[in-house]
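Protein chains: 2
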Amino acid sequence: MPKIAYLESVRTHNRLSADVPQTLDPATAESLYVRYDMDELKKTATRDLPAKAAAASVTSLGMWRYACVLPDVTPVTLGEGWTPMLQSKRYPGLYIKEEGANPTGAFKARGLGLAVSMAKHYGLKHLAVPSAGNAAGALAAYAAAAGITAHLYMPKDVPFANYLEGIVYGADVHMVDGLISDCARLVGEEIKAQKAAGLPAEEVWFDISTLKEPFRVEGKKTMGYELVEQLGWTYPDAVFYPTGGGVGLIGMWKAFDEMEELGWIEKGSKRPKMYALQASGCAPIVKAYDEGKQVSEFYQHAATFAAGLRVPKPYGDQIILDILRESGGRAIGSTDEAILASILDWAKNEGLLLSPEGAAATAAYDELIASGELKPTDKVVLFNTGAGLKYTDMIAEAMHLRRPGSLPTSMPVGGIITPV
Amino acid sequence: MPKIAYLESVRTHNRLSADVPQTLDPATAESLYVRYDMDELKKTATRDLPAKAAAASVTSLGMWRYACVLPDVTPVTLGEGWTPMLQSKRYPGLYIKEEGANPTGAFKARGLGLAVSMAKHYGLKHLAVPSAGNAAGALAAYAAAAGITAHLYMPKDVPFANYLEGIVYGADVHMVDGLISDCARLVGEEIKAQKAAGLPAEEVWFDISTLKEPFRVEGKKTMGYELVEQLGWTYPDAVFYPTGGGVGLIGMWKAFDEMEELGWIEKGSKRPKMYALQASGCAPIVKAYDEGKQVSEFYQHAATFAAGLRVPKPYGDQIILDILRESGGRAIGSTDEAILASILDWAKNEGLLLSPEGAAATAAYDELIASGELKPTDKVVLFNTGAGLKYTDMIAEAMHLRRPGSLPTSMPVGGIITPV
Numbered sequence: 001m002p003k004i005a006y007l008e009s010v011r012t013h014n015r016l017s018a019d020v021p022q023t024l025d026p027a028t029a030e031s032l033y034v035r036y037d038m039d040e041l042k043k044t045a046t047r048d049l050p051a052k053a054a055a056a057s058v059t060s061l062g063m064w065r066y067a068c069v070l071p072d073v074t075p076v077t078l079g080e081g082w083t084p085m086l087q088s089k090r091y092p093g094l095y096i097k098e099e100g101a102n103p104t105g106a107f108k109a110r111g112l113g114l115a116v117s118m119a120k121h122y123g124l125k126h127l128a129v130p131s132a133g134n135a136a137g138a139l140a141a142y143a144a145a146a147g148i149t150a151h152l153y154m155p156k157d158v159p160f161a162n163y164l165e166g167i168v169y170g171a172d173v174h175m176v177d178g179l180i181s182d183c184a185r186l187v188g189e190e191i192k193a194q195k196a197a198g199l200p201a202e203e204v205w206f207d208i209s210t211l212k213e214p215f216r217v218e219g220k221k222t223m224g225y226e227l228v229e230q231l232g233w234t235y236p237d238a239v240f241y242p243t244g245g246g247v248g249l250i251g252m253w254k255a256f257d258e259m260e261e262l263g264w265i266e267k268g269s270k271r272p273k274m275y276a277l278q279a280s281g282c283a284p285i286v287k288a289y290d291e292g293k294q295v296s297e298f299y300q301h302a303a304t305f306a307a308g309l310r311v312p313k314p315y316g317d318q319i320i321l322d323i324l325r326e327s328g329g330r331a332i333g334s335t336d337e338a339i340l341a342s343i344l345d346w347a348k349n350e351g352l353l354l355s356p357e358g359a360a361a362t363a364a365y366d367e368l369i370a371s372g373e374l375k376p377t378d379k380v381v382l383f384n385t386g387a388g389l390k391y392t393d394m395i396a397e398a399m400h401l402r403r404p405g406s407l408p409t410s411m412p413v414g415g416i417i418t419p420v
Numbered sequence: 001m002p003k004i005a006y007l008e009s010v011r012t013h014n015r016l017s018a019d020v021p022q023t024l025d026p027a028t029a030e031s032l033y034v035r036y037d038m039d040e041l042k043k044t045a046t047r048d049l050p051a052k053a054a055a056a057s058v059t060s061l062g063m064w065r066y067a068c069v070l071p072d073v074t075p076v077t078l079g080e081g082w083t084p085m086l087q088s089k090r091y092p093g094l095y096i097k098e099e100g101a102n103p104t105g106a107f108k109a110r111g112l113g114l115a116v117s118m119a120k121h122y123g124l125k126h127l128a129v130p131s132a133g134n135a136a137g138a139l140a141a142y143a144a145a146a147g148i149t150a151h152l153y154m155p156k157d158v159p160f161a162n163y164l165e166g167i168v169y170g171a172d173v174h175m176v177d178g179l180i181s182d183c184a185r186l187v188g189e190e191i192k193a194q195k196a197a198g199l200p201a202e203e204v205w206f207d208i209s210t211l212k213e214p215f216r217v218e219g220k221k222t223m224g225y226e227l228v229e230q231l232g233w234t235y236p237d238a239v240f241y242p243t244g245g246g247v248g249l250i251g252m253w254k255a256f257d258e259m260e261e262l263g264w265i266e267k268g269s270k271r272p273k274m275y276a277l278q279a280s281g282c283a284p285i286v287k288a289y290d291e292g293k294q295v296s297e298f299y300q301h302a303a304t305f306a307a308g309l310r311v312p313k314p315y316g317d318q319i320i321l322d323i324l325r326e327s328g329g330r331a332i333g334s335t336d337e338a339i340l341a342s343i344l345d346w347a348k349n350e351g352l353l354l355s356p357e358g359a360a361a362t363a364a365y366d367e368l369i370a371s372g373e374l375k376p377t378d379k380v381v382l383f384n385t386g387a388g389l390k391y392t393d394m395i396a397e398a399m400h401l402r403r404p405g406s407l408p409t410s411m412p413v414g415g416i417i418t419p420v
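Taken in sequence, the protein lines are chains F and E. When you number the first sequence by the UniProt record's numbering, it's gap-free, plus one each residue, and the end is 420. When you number the second sequence by the UniProt record's numbering, it's gap-free, plus one each residue, and the end is 420.
Everything labelled a hint here was simulated from the structure, so no lab data went into it. A portion of the hints provided could be inaccurate.
Put simply, identical chains are the same to the list, so a pair is met inside one copy or across any two.
In silico DSSO-like pairs for lysine-lysine, Cα to Cα no more than 27 Å straight-line [to be verified]:
(1) 156 / 348
(2) 3 / 89
(3) 89 / 125
(4) 254 / 267
(5) 313 / 375
(6) 42 / 348
(7) 293 / 192
(8) 125 / 348
(9) 313 / 273
(10) 293 / 3
(11) 125 / 195
(12) 192 / 89
None of these values were measured; they are calculated from a predicted model.
Okay, chain F solo, but in the shape it has when bound (with noise of 0.2 Å):
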């Protein structure tokens, strides 16, 4: 594992120490990357990858095997990484990548994965996260497992197993009657008014929102090392990607640059278009996509059954405008009533419960299909971000579905519960 040379902003370039616990660049508030010393690098980092994860203890096997591009730090694991890619039994040329087998049930795993290991090699005592759902879900398990309070607020309609996640894990739960944007709001006054109350800084509440830190996004790479590996070392034509806050799109785009300068992708591969996939209800990144323009402006009245889509302003915007641009891809919007039809279509066709938002992407690609702009033998990395089971409730009330606890009591043995 290498050590961290510096943490970088992502445009102005400003570089910062990595041995103390830092957020944004102090002097433009944009967010950090983690820098390592590449021809240190080239030297010790190896693509050669399943023969050392043999070797090495049972830890290693999940997102750990790219232990050699990760910062060196003791890891807090659940088994994060290294999930199912899937080959769909209708399109020759796409990819499922099924990240609800990551502990939690979410990608978010590898971002809160490694991003509470460096918690806690720094020492914090307190995390706070304003969330759409599945990243208070993440912290709540790995700030468990890292002897760490977890302070998750989120909003109060969210799937109920993420309220679940966070009382059974032990967190201060706050479920707030607005959205994620309130969420972050009540994060950081609460901060600044522990700050302004002078409580010891040992007792104020690290903001372990995403973009806001450095290793959350460093986490996510690891999804772009594994696509590309899982893929024979090789680009897709194209990635799909749910986009909430779109932090896994920044790290894939990250990963895709490293993996470049250290020669484990040929110089000159042609990069994949990278496509943005968002609800109709909230679809921020769509509008300013389709608008021309560089940042996203908040989405008013954002509502979708697809939780973790419900970013009104995702803090990355302008980096995922940019990426979607420069790689030749966009950003696609579907309605609720596509994304349910997908999920249906996907578990009655394939046997794979989707998450609404991984249905989005579907729901999507099915419309590229169809147009002409895909064909269905063009190389494509779906990610589905999360387990379908997580979102049961949501599920079922989308299709207006009776639960069977409903039923009397006294109905015979043998009766059939149809939907309604």
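Based on these hints, arrange chain E on the given structure of chain F.
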């Protein structure tokens, strides 16, 4: 992948052909095991698997890494197997085998992954299963992937996730006002009636109940291969297995037989003590073990929130009891209160949300640590057979936890919900 030499009944050792679909030994009603030409296998099968997997297709990264000891069939795969093995943060010798990372969130994916692959190979069109919940969900998913119709019979009070799985995967779902034993009876009666009515052979349902056909146990044996490989091709001191039907335990024992014969494990290595863990509300194996019986009795008034353990009389009871005694292990039951306490303990202190079945195993582990029968340094592999996230409704009910959805919408921003 080796050809199947023959199918063999467990005790009488009658041989049957695998050229046609088989259920039980017609002469003795015993379960059937898959047998290979072991002399041939010794020449062709190798435990040097990681190198092979790296060169193979992406779908070979799960349990199909053991293709060299599985039947020669085209896999219907959803990414099952090769689940994380997590070292406990408190007990240095304890490892959690996290089967919740499987497709459909449970170990059932292994057995049904293989059984549905074989069913497709045989050209079967209708598969029926009585289930405590998770087998129904897994069959529904794999049948959907294979283009086969699934007929599910499960108790009406299974976790809601199991019901939803059946519906979204497009299965024929029967919610029964009874237990899995009632479900099994109904499936048997339906098939009998279909035959009596002279339905064409391809329209008659095939009963894919575990141990009533040979391939579910064959798929589950991969848990045995995996735990040994992930421990560097050595045995642990003990294996803790939540036991409803108990077929995972039977499958692992078969894997140990095979690995020893193939020389993957040194001859004379001491096998792990096998522990079968149940809920005291449904503990037929515990009762039979404690009373020194060879078979179990039907457990009256079976009731526990560990839905997967509500199996009043496992079909493989005799095999299970033999294995427990031969290995020097035993059977232990835990109350629902102890199971819930263990769920909360593991969530808060290790960051893992276990299924109630998995927590029946951790509760028993605690008991043996407290009594001194086990030391924290004894190497134990404990199976969490399913994802806690599949049981949000059962766990919440056991905790008397309110849903955030029941909040008044006028609740002020920042309001905190506390569990009642």
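Verification of the hints:
no. : hint      : verdict
1   : 156 / 348 : between (31 Å within a copy, 22 Å between copies)
2   : 3 / 89    : between (43 Å within a copy, 25 Å between copies)
3   : 89 / 125  : between (47 Å within a copy, 18 Å between copies)
4   : 254 / 267 : within (15 Å within a copy, 49 Å between copies)
5   : 313 / 375 : neither (32 Å within a copy, 53 Å between copies)
6   : 42 / 348  : neither (46 Å within a copy, 41 Å between copies)
7   : 293 / 192 : neither (32 Å within a copy, 67 Å between copies)
8   : 125 / 348 : between (46 Å within a copy, 15 Å between copies)
9   : 313 / 273 : within (23 Å within a copy, 55 Å between copies)
10  : 293 / 3   : neither (38 Å within a copy, 61 Å between copies)
11  : 125 / 195 : within (15 Å within a copy, 66 Å between copies)
12  : 192 / 89  : neither (52 Å within a copy, 34 Å between copies)
In this structure, the earlier hints numbered 5, 6, 7, 10, 12 are contradicted, and the remaining ones agree with it.
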